[in-house]
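4 protein chains.
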Amino acid sequence: MTVRFGLLGAGRIGKVHAKAVMSNPQAKLVAVADAFEQAAKDLAGAYGCDIRTIDEIEKAGDIDAVIICTPTDTHADLIERFARAGKAIFCEKPIDLNVKRVEECLAVVDETKAALMVGFNRRFDPHFAAVRKAIDDGAIGTVEMVTITSRDPGAPPADYITRSGGIFRDMTIHDFDMARFLLGEDPVAVTAHASVLVDKKIGELGDYDSVSVILSTASGKQCVISNSRRATYGYDQRIEVHGSKGMVAAENQRPVSIEVANGNGYTRPPLHDFFMTRYTEAYANEIAAFIDAIATGAKAAPSGKDGLIALALADAALRSVKEGKTINL
Amino acid sequence: MTVRFGLLGAGRIGKVHAKAVMSNPQAKLVAVADAFEQAAKDLAGAYGCDIRTIDEIEKAGDIDAVIICTPTDTHADLIERFARAGKAIFCEKPIDLNVKRVEECLAVVDETKAALMVGFNRRFDPHFAAVRKAIDDGAIGTVEMVTITSRDPGAPPADYITRSGGIFRDMTIHDFDMARFLLGEDPVAVTAHASVLVDKKIGELGDYDSVSVILSTASGKQCVISNSRRATYGYDQRIEVHGSKGMVAAENQRPVSIEVANGNGYTRPPLHDFFMTRYTEAYANEIAAFIDAIATGAKAAPSGKDGLIALALADAALRSVKEGKTINL
Amino acid sequence: MTVRFGLLGAGRIGKVHAKAVMSNPQAKLVAVADAFEQAAKDLAGAYGCDIRTIDEIEKAGDIDAVIICTPTDTHADLIERFARAGKAIFCEKPIDLNVKRVEECLAVVDETKAALMVGFNRRFDPHFAAVRKAIDDGAIGTVEMVTITSRDPGAPPADYITRSGGIFRDMTIHDFDMARFLLGEDPVAVTAHASVLVDKKIGELGDYDSVSVILSTASGKQCVISNSRRATYGYDQRIEVHGSKGMVAAENQRPVSIEVANGNGYTRPPLHDFFMTRYTEAYANEIAAFIDAIATGAKAAPSGKDGLIALALADAALRSVKEGKTINL
Amino acid sequence: MTVRFGLLGAGRIGKVHAKAVMSNPQAKLVAVADAFEQAAKDLAGAYGCDIRTIDEIEKAGDIDAVIICTPTDTHADLIERFARAGKAIFCEKPIDLNVKRVEECLAVVDETKAALMVGFNRRFDPHFAAVRKAIDDGAIGTVEMVTITSRDPGAPPADYITRSGGIFRDMTIHDFDMARFLLGEDPVAVTAHASVLVDKKIGELGDYDSVSVILSTASGKQCVISNSRRATYGYDQRIEVHGSKGMVAAENQRPVSIEVANGNGYTRPPLHDFFMTRYTEAYANEIAAFIDAIATGAKAAPSGKDGLIALALADAALRSVKEGKTINL
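Chains as they are written, first to last, in full-length UniProt numbering: chain R, 1 to 329; chain Z, 1 to 329; chain S, 1 to 329; chain F, 1 to 329.
To be clear, the hints were calculated from the coordinates, so they are not data collected in a lab.
Some hints could be false.
Given that identical chains are not distinguished, each listed pair holds provided it fits within a single copy or across any two copies.
[As the list claims (entries may be wrong)] Subject to a maximum C-alpha distance of 27 Å in a straight line, what follows is the list of computed DSS-like cross-link-like pairs (lysine-lysine):
hint, residue 1, residue 2
1, K201, K245
2, K28, K15
3, K59, K41
4, K245, K200
5, K133, K93
Quick caveat, the model's predicted, so the values are computed rather than measured.
Just need the whole structure built from these sequences, with the hints factored in.
Here you go:
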């Protein structure tokens with residue numbers, strides 16, 4: 001079976017997914033839609049696919065699945081439309097910034113029995129996936145404490161902050177999903193501290209740039225998340241899981257792994273500059289998993305519900321900061 | 001000047017300090033006191049010093065300073081006695097498990113102008129001290145987020161737990177001091193999550209064995225502490241400080257640093273088995289710093305107040321767990 | 001400009017190069033030839049190109065360049081034919097196992113002014129290339145001593161050994177080229193020790209499986225090469241360059257870089273299993289460099305002469321073992 | 001039993017050994033002798049021992065063993081004198097720079113049945129000893145290829161070079177002993193390349209500063225040694241042993257093991273600055289082993305014969321360079 005794709009949104013991440021589809025022998029990119037004509041043209045030219053409108057893709061008989069890479073505020077509407085149109089749907093996170101809206105949207109997905117996968121790409125990173133596999137293989141016994149360090153290389157521009165929903169919904173949300181992926185159990189309590197240390201403008205916009213979060217599960221497992229909007233040494237992405245029989249960790253990845261030694265010491269180059277290069281393999285594996293789910297009829301994961309729970313955790317973290325207390329879910 | 005010492009308590013840690021005094025060219029071990037006669041005899045035999053009673057040491061004209069390594073519930077009384085006797089005092093942490101009692105004791109120390117140093121040995125570890133020096137040298141700009149991972153190799157016996165004052169006052173207290181040492185600013189808010197994952201008996205005694213803590217300072221700096229009473233791979237002691245211009249970290253130390261590679265991969269031996277071997281240099285440096293302070297008349301640090309603040313943070317962390325909220329100090 | 005390719009040989013390495021051509025926007029795979037019909041069909045099916053005979057490719061007006069991945073004993077003949085046919089040529093190493101034959105072949109290449117690149121893929125590994133760049137950037141001053149460790153995961157079968165030309169011409173040849181790449185100066189003296197430690201059959205076939213080599217240049221630079229046909233921990237590929245101002249090294253690469261810690265210590269997974277996965281990026285970069293050279297008219301490197309010199313070093317190393325002396329070139 | 005020591009030579013290394021004796025509960029430093037009165041006084045003052053002449057120590061009834069740290073050209077004579085005087089002897093390497101003289105000296109040692117240990121301190125480094133233990137425990141199967149990298153931080157002054165016997169007898173000799181320690185079999189063939197890359201003056205004195213050596217044993221095991229008189233990043237001391245079932249390596253040691261990350265990358269401080277700090281534990285363990293051998297009557301190792309063989313390998317390496325051939329022993 002060849003899965004035939006329509007791509008909604010030809011921006012940066014759209015291109016990443018287009019390439020993943022193209023290089024997958026089980027898939028074909030049929031058409032792309034983008035409000036910016038030039039972006040659609042460029043992508044169509046590079047990958048040899050049609051340019052169509054979203055309406056045309058919705059009605060197309062030669063398209064089985066869509067990848068939604070449009071702006072966040074269009075996600076829920078598009079998911080509903082394409083669920084009703086009977087297409088399999090891959091949607092970049094988040095479904096929406098509002099929990100209620102996400103719940104409505106997922107109700108439509110349930111009703112229509114549409115296949116929906118949400119883009120938590122990090123689950124598909126080979127190193128993080130290997131951490132999870134080590135846990136599943138019993139290498140560390142029962143999971144007890146998870147540590148996630150996640151720092152962006154630099155703060156985003158003000159207009160991004162405004163549309164982002166805030167650091168918890170935009171950035172920590174990936175770590176909330178990773179926490180659930182590694183804990184193997186849902187958090188029932190959240191506490192967060194947050195401050196503005198990187199860029200005053202972020203504070204003026206009502207957001208934070210440095211946060212620490214603790215999650216606990218019903219059985220007492222704990223997860224600590226540390227986020228900053230700036231790391232001078234690159235895109236800092238580490239996980240560590242401590243269990244009853246041992247510990248497993250995935251260190252940072254580097255584009256080049258040489259070491260230069262001199263009188264100043266031993267120096268390795270900085271980390272990847274951001275997610276596009278750090279998670280190249282993760283993006284390819286993610287789309288491959290989606291294609292595989294469609295081809296085999298298996299349930300696509302992470303699901304819409306995974307997206308919803310991560311968002312609810314983000315909301316709880318924000319409440320915890322505002323109210324100065326642990327929020328029980 | 002040669003500083004002449006009396007040692008109160010000839011147990012495990014007493015021996016460590018005796019050795020540090022002996023190998024320091026500026027110091028001399030004059031006498032040891034211990035309720036267990038054999039312990040005192042063994043130490044006196046090994047290091048060639050007198051055996052005396054605490055009373056005798058208190059009145060001795062040939063002793064300038066004492067090292068208090070007796071049980072915790074005797075610390076405050078002994079500090080008061082020796083402060084009044086005009087001796088310089090090094091006391092193992094904690095001064096007492098009760099904040100009020102510590103405050104009374106420190107009032108006597110102030111009154112008598114006694115020199116008092118509290119045994120937070122980790123500040124004197126060469127690697128942790130180098131982290132602090134890197135911060136002081138401006139290598140990472142302004143400190144923003146501190147991460148402390150501190151895990152014991154195995155849970156202590158029930159009777160130790162009973163006398164310990166609980167994990168926050170016994171174990172995390174070292175990390176609270178390290179947090180202050182690295183943040184360069186006092187925490188004003190504490191949140192903690194705690195659970196029993198390692199040993200049910202610990203829970204039955206009303207204590208916890210796995211805790212996560214967030215501290216925040218007035219300027220918004222954050223510190224995350226992760227503690228467990230058990231780590232199968234050894235005594236896990238790591239610190240990391242993230243700042244505006246960079247990051248500095250001290251990794252775990254190993255007694256032997258070989259690596260064996262075969263079909264199973266690349267394996268390095270486990271970490272040190274506990275604090276006695278991990279912090280050998282720290283203990284020697286700590287006593288050297290105390291001797292130096294006495295010899296030069298400088299103020300000994302960490303001070304009694306440092307001990308008090310760390311204890312207050314431990315109390316706040318426990319309250320945070322019990323009340324499910326952030327405790328403001 | 002789009003470079004149009006014919007591929008000679010559809011085996012394991014042929015597929016690697018076909019994929020590299022396909023994914024390069026400046027290139028197109030027009031046709032494949034292989035004596036085994038099924039191999040040609042499979043590759044043509046996967047990449048959508050023609051199946052043609054070598055004769056047809058030689059005469060084709062729609063083909064600019066060929067990639068030679070046929071058995072070693074056909075390389076020199078094919079290079080001569082395609083040089084005369086005016087095609088640009090990429091040939092897997094070695095050109096031939098016989099220095100004389102290589103010289104004759106390169107005379108034809110010179111005469112016809114054909115573009116010829118020889119497949120020393122390791123120069124294009126991003127990590128090794130970064131080592132070279134660090135040298136070029138002056139990071140270590142003048143190069144003095146190069147250390148190359150190169151070990152295969154397991155010994156090849158007997159029939160491969162028979163056709164290989166021996167370990168120096170088959171395996172060490174890559175290290176001879178890497179030595180020249182890093183030394184920046186040609187070796188003038190070679191000494192080698194060789195023995196059979198891995199597999200007696202290799203000795204019965206007159207070959208060795210464990211060799212150590214020293215190279216020296218006219219200015220006194222030295223290079224040490226260590227080879228084994230078996231490493232239980234994977235495909236061991238390391239380089240280190242010591243210079244007047246510092247040292248630069250490229251460590252081994254791993255497919256997955258997690259670490260598991262328990263009572264046995266800290267374990268990272270084994271290395272890549274062999275060159276196909278270890279040098280994936282190197283193969284893609286190599287063909288990209290060839291395409292770039294054709295497109296821009298620049299001289300392709302490594303050249304035929306680079307192939308010849310590496311072969312001459314292999315011959316000298318073998319003579320050194322046989323004669324028990326340093327061979328001056 | 002307490003072993004009573006006389007120390008011959010109160011220089012830098014004499015002090016190291018004096019401290020090792022002092023801190024060993026089974027030993028006592030009775031007297032020191034040194035041609036420079038002040039050096040003897042300083043050491044005697046610091047460690048509370050007598051100052052005596054060599055003659056007095058030779059005849060002393062209260063001295064069981066001597067440690068010879070005088071200039072190299074006095075070693076053989078002193079060994080003979082103290083062997084005849086019935087003392088146990090620890091002598092810094094080398095016994096003499098001339099193989100014949102060493103053989104004569106060892107004949108006296110044999111005749112008198114004196115206990116003699118030669119100071120190849122590196123065997124007692126805990127990391128290198130752990131490598132050897134891993135081999136003995138079967139962790140890597142049969143030893144096949146040993147790699148030793150040994151680089152001094154900086155070239156010694158001209159007058160040291162003049163008295164040193166040349167790089168092979170002065171510096172590589174430690175690696176020859178380490179090679180034998182790790183190979184578990186004596187080398188039968190030696191090839192060396194040598195050049196002057198660090199300091200022209202060294203060449204003018206007829207010596208080399210950069211050498212590469214290959215050793216082979218009768219069973220075909222190989223060892224590669226790489227030496228330089230200068231490493232900008234500190235005292236570079238690494239060993240690696242490749243065997244039939246795996247590999248074991250000991251990496252460099254650092255006085256402080258922090259890592260600082262910023263826009264330039266991740267930097268660890270340089271290595272130890274030289275042998276005094278790098279091999280602190282090795283020196284203490286070495287004297288402890290000597291004391292242990294005397295106390296238990298066991299044979300002291302490394303023996304005089306170990307010293308002789310290492311020297312013979314150094315001579316062979318030099319001949320190999322001069323004659324351009326492999327020297328068979």
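Numbers of unmet hints, in rising order: none
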